[in-house]
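K.L.:
If you want the building blocks of each chain, they are given just below.
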Amino acid sequence: MFSQPTTLEEALDVRARCGPDLLPIAGGTDIVVAMNRGQLRPAGFLDLTHVRGLDAVRHENGRYECGGAATHATLSRLPVEALAEAALSVGGPAIRNRGTIGGNLVTASPAGDGCVALLALDADVELAHASRGRRVVPLREYFLGYRKTALLADELITRVRFPKDWITAWYKIGKRGSVNISVVCCAIGRSPTGLFHIALGSVAATPIRAPHAEEIVNRDGLTDGAIAEAADAVRRDISPIDDHRASAKYRAAMSVTLVARLLRRIRDRVKEPAR
Amino acid sequence: MTPEADEMVAVELAINGKPTHLVVRPDETLLFVLRDSIGLTGTKGACLEGECGSCTLLLNGAPVNSCLVLAAQVHGGRVETIEGLAHGDKLHVLQRKFIESGAAQCGYCTPGLIMAAKALLDETPNPDEETFFRGMEGNICRCTGYTSICEAIRGAAREWSR
Amino acid sequence: MTQNIQTIDVPIAEPFAEPLVPPSQTPYVERPHGPVGRSEDRIDGPEKVLGTALYGADLFYGRADCFVSVVRSEPAHAEIVAVDPSAALKMPGVLGVYTHRDVRGTNRQGLIVRDHPVLAESRVLFRGDAIAVVVATSERTAEDARRAVRVDYRPLPVVADMDAALAPDAPRLHPDGNIMGGKRIRKGDADAALAAADVIVSESFCTQTVDHAFLDLEAGIAHYDGRTLTIHVSGQWVHEERRLIALALGLPLESVRIICPATGGAFGGREDISIQIYLGIAAIQHPGKTVALRYSREESMRARHKRHAMRIYYTVGATRDGLLTAAKITVFSDEGAYRSTGPAVCRKAASHATGPYRIPNVSVDVYGVFTNNNPTGAMRGFGACQMAIAYEGMMDRLAARLGIDRLEVRRRNLIRSGDAVTTGQRIPIATAVECLDAAVRRLRQCPPPRPTDPHKSRTRPPALPPHLRRGVGYSVICFGLGYGDGFPDASRARVGVSDQGRIQVFTGGVEYGQGLITMAAQVAAEELGVSVRETDVVWADTEQTFESGSSSATRQTYFTGNAIRLAASELKEQLLDIASKLLGVHPHELELRDGCVVGRFDPARSVPLAEVVAQGRARGYSLEATALFKPRTVCEDFDTGQSPRAFITYLFGSHIAEVLVDIETGEVRVDRYIACHDVGRAINPQSVAGQMAGGATQGIGMALMEEVVNRDGRIANPNFTDYILPTFRDIPPVECVILENDDPGGPFGARGIGEPPLIAATPAVLSAIADAIGVHTHTTPCTPQRVWELLHPDEAAVPPDARFSLAPPHARLER
Ligand SMILES: Cc1cc2nc3c(=O)[nH]c(=O)nc-3n(C[C@H](O)[C@H](O)[C@H](O)COP(=O)(O)OP(=O)(O)OC[C@H]3O[C@@H](n4cnc5c(N)ncnc54)[C@H](O)[C@@H]3O)c2cc1C
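Chains as they are written, first to last, in the working numbering: chain A, 1 to 275; chain B, 1 to 162; chain C, 1 to 815.
Hints listed in this document are in silico derivations from the structure and should not be mistaken for laboratory results.
Any given hint could turn out to be false.
[Unchecked claim] Okay, the calculated beta carbon distance ranges per label pair:
| no. | chain 1 | residue 1 | chain 2 | residue 2 | range |
| --- | --- | --- | --- | --- | --- |
| 1 | A | I241 | C | P793 | 53 to 59 Å |
| 2 | A | I241 | C | P465 | 30 to 36 Å |
| 3 | C | R441 | A | G194 | 52 to 58 Å |
| 4 | A | G38 | C | E408 | 52 to 58 Å |
| 5 | B | E129 | C | S498 | 35 to 41 Å |
| 6 | C | R101 | A | D21 | 40 to 46 Å |
| 7 | A | E215 | B | A62 | 41 to 47 Å |
| 8 | B | D89 | C | R101 | 39 to 45 Å |
| 9 | A | I241 | B | E129 | 54 to 60 Å |
| 10 | B | E129 | C | E589 | 57 to 63 Å |
| 11 | B | N60 | C | T52 | 24 to 30 Å |
| 12 | A | I241 | C | D102 | 44 to 50 Å |
| 13 | C | G774 | B | E129 | 28 to 34 Å |
[As the list claims (entries may be wrong)] Listed next, the stretches of chain A that the computed footprint assigns to chain B, with coverage defined by at least 3 CB atoms under 8 Å from CB atoms of chain B:
| no. | stretch |
| --- | --- |
| 14 | 25–35 |
| 15 | 46–60 |
| 16 | 85–94 |
| 17 | 206–214 |
Computed from a prediction, not measured in an experiment: that's the story for all the values here.
C-beta atoms are modelled at their ideal positions from N, C-alpha and C, and glycine is treated no differently.
Here chain A stands alone, though its shape is the one from the complex (with noise of 0.2 Å):
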């Protein structure tokens, strides 16, 4: 069965009404791949494409405010970097012109890319249900463990809310030029107060913030003795694992590297003098 509602309301309404049995889909970008794969043959989908107005992306009050289907092809227009830069890795144009941040968030994947960028940005998701109503969900609380999420069978993610003017970089590692399963990735957002978002990605079992490195930083600043302790302190935060993408020795060490330098370029960009 295929429902196609054309509004939010809708929408919701068949959610809570037939929530697991009727798969949501936006993009299919991880949905269809597994059943291609033959490992899931969904009875029914709630199509997401033609809701009105969830692909789009508002501005107000200093935050970005995108609609749940919003996909990467419009991320990757938005002057945030390290959003767009995440964006613009997802696969090819095809790829980015289809998936969406909300099947991203839900699939939550640990290489996940957009989760990763919007974590540096410290962001907000909005999880809605037809009757219960909307909630606000900090994205550092909504990963719960391996592709487990705070989302519940009859909600949708109708929103993802992030600030717009944050210093920000991105690095991710890949195998190739571009199309990339991250093996390591990381994001770094700078608030406007001087606080540090650090996020990585494939390091863990979830994409995560990394509290211990982002604690030197915040307490001692960007010298290049807090770069180094914060990026050594990441091995604290992380616990990779070994497979076929990478070992988990060299994913620990990526991850100071890389937020070593991430950490070196925002204070370029911030020409804040070293202390």
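Fit chains B and C with the ligand to the supplied structure of chain A, relying on the hints for placement.
P.N.:
Frame of chain A, contents of chains B and C with the ligand only:
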């Protein structure tokens, strides 16, 4: 609103400008329907996970991987495939340049490449290198290598911007 | 057939000795006037850009009546206790489930040795071995039924790698044990020469398992009308497929017809039989129905043979001046579960073990080792490309050890015309040095503008950021063309004229993108003085064409090009004979030009070809001719590996790669790429450049990213998400330099080009990485992690010593 699980879905769409009515299973991909239900086999499948771009076609003017789009999602949409590019005997400039540059060897990635290139040049007739790569990076060629393909697209771009 | 060939004593030639035949004076063959030598458009170009070319899976629409699915082994090594299809058979739409009991013939396949059951009988040897074939009314039902077929296994210990296979208590995978066989070369006295050498350098190389990853997945249809089984599936050698299918399924040869549809790449991956035989089983069971089968990417990767992963222990001795005096080489090659073309790959690895270098004392031992991984077989550059990684790696090491320039060490040791390669075969026209020099000249020139951005300046930024390092790498390779080694190798062609006066060429060779049919048309058109537009090519249909051998081993231009040329010149004799009668001119004084027969000395006397054809028909001329090209090679001696003519001819090439390496992350970007090959004569230069660029791309992929990860007999990455291929951003424009030194035996002097570009590419990239980071590479692919590990050996996931686990005593010699 909870009919049978495998109920068929009616889809209205335009394929290469032609209004088309299809009845599809909800879980059938656009690629499958085009190729196996209506015989438009010019669009190819190769990895079936969006990695190679062989199945690229244009949906409402933008390139998509038809192996990952459900046919039912395309209701109301405009689909352009390789079959719609030439006008009778007259090849599209990209098709002509692909032949002239020797950019189609085994030819399997060619339809997808041409559609991706069309989307790129439709939007940016004279792309710089970064734009070029952004437009083409989702398409893999295993056989010809990329040199002659880049030349073909650049050659087409020269005519395009004229 | 093992002959005792006297070992040819090869004296150490002086470096820079004058070549016997200076390349500029290589035997002048003939100057073509017509299409040969021109970049004619591909004759299959229009259908490919229009999307109308029909590949295997395109044949389903409007034709397929029922669908086939293959039940495959889940365990990598097990006894089959029982196969129970009852649940599957009960499913609506299921027409049948067939096991080896339903196969009427030998139920065996395999290109060199038929050791692989088509459908497993009592044991499965890899995770992917076929067990049963399901036929159903829809593809989805066939798929569901496949899952419903119950197979009970008794698990056997999995031999996951060569270390396990060679362990004393390893389970025997084949009756003769786990060593499939091998190949040996003994020339001079390597041990003595090593003992006397001024320096000894040794290394252990690990190359990876590679997948062909052609985009056009195995797919096709078949039909059996009670007499003839017709199969439309892409392969590389339709006539051999016919033989194998007839034998395996118990049909007379004449009852099997193979027609090759448009084919999206092969690279050796279609040499072994694939879905043809399962389609055959299904079609025979359902006469009158058209049965269809296609693989998913995962099934394709699970079912198909792969490129051999090799462990190569390489030791060389040299003088202080960098002259090689000895090489001792031991190779273990992961053969996987069955032989496939493994024996040929081992032999090729041995005969190419020292590449284009002149080494008087050589000892080579190559062993194929059975494991429970996928069978390994032919892939572009088979065996030779792994060895090129090793010998080029050794040249860099030797240069570094002696403090001599890398190019200089190569030049001092490269064979010159008249020198012999390791098998003792003298090479009359050896242009290795010329290739290297031409590539280096190109490097010194400013690179041409990139087509991706003609406006962008290509001048280099003066300084790189501290974490980036630039490196340049070189390779020089040689490649023996054809099967060689005494193996029967022949091509037949037929050339005729249609009633409409069009030239028709018939070849059994497969066009899979390499340009065979355009070459065929050019050669015939050249010989007959017409244009390519007036020439049609019928190819790879066992009913309409004679056998032309496989499209592999870089052999089709040489072999089929020659056969077509011979047939066309036979036909030409007839045409001139007819015209002679019409014009009253002696046939020797006539020539074919621009669609007419013209008097050589009196161009006014001329008659259009169409009229000649009409007259010929009326006078009972056959107006067609068939020719066989079958040159001989001589089997390498069993004990010494020596042969005066192991290969029909040799090809040379040299590549240069420039890379940027991020030494903090290990990421590598290839920044500039130059490929130079001597192709004898480029029948179609654009097509040659296409093979160079395509081959280089695959070689760069092998150097940097491609790897089938086998874990306990299971492929961990059976899809393009994790088996990654180079993208647009990974490959700079490939700058092609084509050298032409006519081959006396080739059609219009042509040799070939298919495989060498891949062989040369991988070592060039590895050499560039080593140059950038100051550490030699030894394991492919050089992923970011591996590059980083070279710089941080203590943190390597696989301890650096692990690659010495099979090491023979010579493997650690250093002096
Ligand atoms: C070739 C390729 C390359 C890729 N590269 C990358 C990459 O580099 N980095 C990366 O992070 N990802 C990558 N991806 C993965 C993928 O593109 C992203 O995860 C994408 O963002 C998923 O979005 P979608 O709309 O396609 O999700 P879908 O596949 O449509 O859905 C995914 C999941 O989200 C649910 N869902 C979707 N939207 C909502 C919503 N609004 N509310 C509730 N549930 C919802 C669905 O039910 C489903 O469970 C790649 C995928 C492909 C095929």
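K.L.:
Now tell me, hint by hint, if it's right for this structure.
P.N.:
Here is what the structure says about each hint:
Distance hint for I241/A and P793/C: a CB-CB separation of about 22 Å, inconsistent with the stated range 53 to 59 Å. Remark: the range hint 30 to 36 Å for I241/A to P465/C is upheld by a beta-carbon distance near 31 Å. A hinted range of 52 to 58 Å holds for the C-beta pair R441/C and G194/A, which are about 56 Å apart. Between G38/A and E408/C the beta carbon distance is about 57 Å. The supplied range of 52 to 58 Å therefore holds.
For E129/B and S498/C, the hinted distance range of 35 to 41 Å is not satisfied, since their beta carbons lie about 49 Å from each other. Checked against the hint of 40 to 46 Å, the pair R101/C and D21/A passes, with Cβ atoms roughly 43 Å apart. At roughly 44 Å, the beta-carbon separation of E215/A and A62/B lies within the given 41 to 47 Å, and the hint holds. A beta carbon spacing of about 55 Å between D89/B and R101/C contradicts the range 39 to 45 Å that was offered as a hint.
Taking the beta carbon of each, I241/A and E129/B are about 37 Å apart, not inside 54 to 60 Å as hinted. A beta carbon spacing of about 59 Å between E129/B and E589/C agrees with the range 57 to 63 Å that was offered as a hint. Look at N60/B against T52/C: about 25 Å separates their beta carbons, and that is inside 24 to 30 Å. For I241/A and D102/C, the Cβ-Cβ distance of about 46 Å falls inside the hinted range of 44 to 50 Å, so the restraint holds.
One distance hint, 28 to 34 Å for the beta-carbon pair G774/C and E129/B, holds here, with the actual separation near 30 Å. Using a Cβ-Cβ cut-off of 8 Å, 7 residues of the stretch 25–35 of chain A lie near chain B, which meets the minimum of three, so the contact claim holds. For the stretch 46–60 of chain A, the stated coverage by chain B holds: 3 residues have a C-beta nearer than 8 Å to a C-beta of that chain, and at least 3 were required. Counting residues of the stretch 85–94 of chain A whose C-beta sits closer than 8 Å to any C-beta of chain B gives 5, which meets the bar of three, so the coverage hint holds.
Evaluation of the coverage hint for the stretch 206–214 of chain A: breached, as 0 residues show C-beta separations to chain B shorter than 8 Å, against a requirement of three.
In this structure, the hints that do not hold are numbers 1, 5, 8, 9, 17, in rising order.
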